[in-house]
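Undergrad: Residue-level listing of the chains:
Number of protein chains: 6
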Amino acid sequence: MNAIYAGSFDPFTNGHLHVLTQACELFDKVYVAIAVNSEKSRKIDKDVMKNAIEKIIKSNKLANAEVVVLEGLTVDLAKEKNAKFLIRGLRNGTDYEYEENLAVVNSKIAGVETIYFRAGETAHISSSVVMELYNYGKDITKWVPKEVLEVLK
Amino acid sequence: MNAIYAGSFDPFTNGHLHVLTQACELFDKVYVAIAVNSEKSRKIDKDVMKNAIEKIIKSNKLANAEVVVLEGLTVDLAKEKNAKFLIRGLRNGTDYEYEENLAVVNSKIAGVETIYFRAGETAHISSSVVMELYNYGKDITKWVPKEVLEVLK
Amino acid sequence: MNAIYAGSFDPFTNGHLHVLTQACELFDKVYVAIAVNSEKSRKIDKDVMKNAIEKIIKSNKLANAEVVVLEGLTVDLAKEKNAKFLIRGLRNGTDYEYEENLAVVNSKIAGVETIYFRAGETAHISSSVVMELYNYGKDITKWVPKEVLEVLK
Amino acid sequence: MNAIYAGSFDPFTNGHLHVLTQACELFDKVYVAIAVNSEKSRKIDKDVMKNAIEKIIKSNKLANAEVVVLEGLTVDLAKEKNAKFLIRGLRNGTDYEYEENLAVVNSKIAGVETIYFRAGETAHISSSVVMELYNYGKDITKWVPKEVLEVLK
Amino acid sequence: MNAIYAGSFDPFTNGHLHVLTQACELFDKVYVAIAVNSEKSRKIDKDVMKNAIEKIIKSNKLANAEVVVLEGLTVDLAKEKNAKFLIRGLRNGTDYEYEENLAVVNSKIAGVETIYFRAGETAHISSSVVMELYNYGKDITKWVPKEVLEVLK
Amino acid sequence: MNAIYAGSFDPFTNGHLHVLTQACELFDKVYVAIAVNSEKSRKIDKDVMKNAIEKIIKSNKLANAEVVVLEGLTVDLAKEKNAKFLIRGLRNGTDYEYEENLAVVNSKIAGVETIYFRAGETAHISSSVVMELYNYGKDITKWVPKEVLEVLK
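Chains as they are written, first to last, in this note's numbering: chain H, 659 to 811; chain U, 659 to 811; chain X, 659 to 811; chain P, 659 to 811; chain D, 659 to 811; chain A, 659 to 811.
No false leads were mixed into what you were given.
Which stretches of chain X does chain P cover? Using the computed rule of at least three CB atoms under 8 Å from a CB of chain P, they are: (1) 680-691; (2) 745-759; (3) 763-776.
Worth flagging that the hints you see were computed from the coordinates, not collected in a lab. It should be emphasised that the depicted structure is a prediction, and the values quoted were computed from it without experimental measurement. Beta carbons: idealized from backbone N, C-alpha and C, even for Gly.
Take the sequences, apply the hints, and build the full model.
TA: See the structure below:
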């Protein structure tokens, strides 16, 4: 059974890693899909982040994870990769309601089901808050993997 | 990888079946645990429901599911069955917040993580509403498996 | 077009009156249905409350409202009274999610749709809080119609 | 009794149609107001959409609906059209809280009350998600009226 | 400036202690009010809990805290103790909406305002879950003060 | 005990004043911090607003309040001003969940705790809605202090 874990990962945080680690225990293969949205500019280049996530996967021994860049719809990638499940991390009830609207559509349009993982202890922090803290010189080592820290330098 | 799907299942509905079916695709073994709470009386006897769920599992060919009656804590059953994940179905944001409080505790007390599945199309209906409709003579065939209908007669 | 406004109305508050007044402007006929639940004991007898609501309807000149006692399902009353809409008052998002689960069921089981009115300025207070304040000797004149106050004495 | 159903309708979906159909049963006249916000660019021109909604109204025999373009405040249109109620569709609790803040203001500033209709079966999908699916070549016929499909071609 | 921190405290947890500690830094005097509800039986006797909280206050050097048993309304205690603020701990959005309904009433009926403190790291756990874990023999030392543990033995 | 009350205050409303007034009763010193975000353009210049808030503080006799412009992180200002608490106003559950994510981060990164005040009767209105109403010629005197009205003219 394969799964897609899509997100902007700008940057990939320890919360994302917590979700990915759980997913790799459950699925035969997990595709980490860096979703690129033409209307939203990224803070960290998609290829730089792809490279960083590949290193994170290696250092965390997540042998069944693979990173891809996603420029289309998640459900199309799911079909291409023969994945029946989408993975999403949840931090709170507002997250859930936002995700749920997308999950209904993905289920109806492509028969792909969404599974929610808890984002975990360090995952209350969003990618954008991490970047804001970093830009103001704060120590963010507890919120992002060291491979992301190296990219930011 | 094993998982526990605990609930009062009073009765087991098509929403529960939707969650269980997804879970059986993902896990090696799924334990459906009929949670018995000494302070809350059941509408349908736990052994009658156990029997009905066993028939549902058989007719839906969920070969890796097994029903148990749970009189203690879910995390203790998880340990006994070597299950690292708990499965919960979600219908809305209030559900989520309720579940989340338990999920934090289960994670901290026993290192057992919770995964949320969407309850699916027919699962907006709760067990207690199903029973109320049934008691007023409504047709509930779209909300519960036929094996539950037989038990109610 | 007819509508049902069901609730336990134990007691009927100014929030309920606010909803009813709006509904009477919109519908040809509004049935105020005092829902009696055999498992939950009432603080004020259903017939006493029926009588009080009838007086409230009269003094507020809501000529197209009528009170009934509801011992079955709301959707059955809707059918009997040829009502296509159910009316519910909303105070917050938790209210909404609770109501929504019932609304889906009522729509599917009987084709009856639910419309939500805002509960209005004085309607943050629930019937049970009104009664608790009353029992502790507080002045509740701004939260309930005078016809309810007379019943409480 | 008249009502205003305002929105950006960019595009008008089957969810909007579901709300409008219910509203037309209840009100003498329903004004569908295409709200134009100078700060937000539209995907579909307001006059093109006005024309499409007029066709939708005709083919669905909603004789008491009328489309207008709204460049000011909804409450000013309500006054001009002698409408006492605003109509809003709800999909979830987050929607509700957002709407509620506006509803309080509209009630206080102009004495105009808001009524919430359920967005219905196909209305979990937002206008923006519909457009995204369309842009990626997905079949959106179950989510928008055929008159909108024609405009998109 | 005085404040009331009311709750059933059945039992008092580390989450409660976290809130109380913050409140004692802000207010001249904080009354910890063990609310006794005649309709709900307690798991731990109110006088036993009062005694335990007094010890907790002492060992945590919260010199400006005082425990009382509250059999009436919180707002009446507030008046008696010349307290202008009520203190409540929040764990999630559902908590907030529940509290808010009471806060509006307390503000309107007695001019007493509510302040919300975050329940903190260990406070995702409710008193009732703590007791359930304890009854099943789990180690609850990280969730309740040692003075509560002694009472439970 | 000092506190920071940060916000964009674009403009400062009666809701903000309600929160500030309560905070000034509790704290020795309250810093009103006009947060300036380089990515978001302001409707009212920060120095004009600073001047207006200073007048509001004076006319409301809030002797222990002081306005500052904040161009960095709130937690850094908290440290500089020796403030252990951040103050936030809450209007609904969605507000709460948004704030909570920031509150966790601020607590972890700097040991600064967040306290929530209720936004009060007139505070359902946001700064952006106030401005929209003003731009359409509506009377906003009940939502903003007169010192803000003077700035807008």
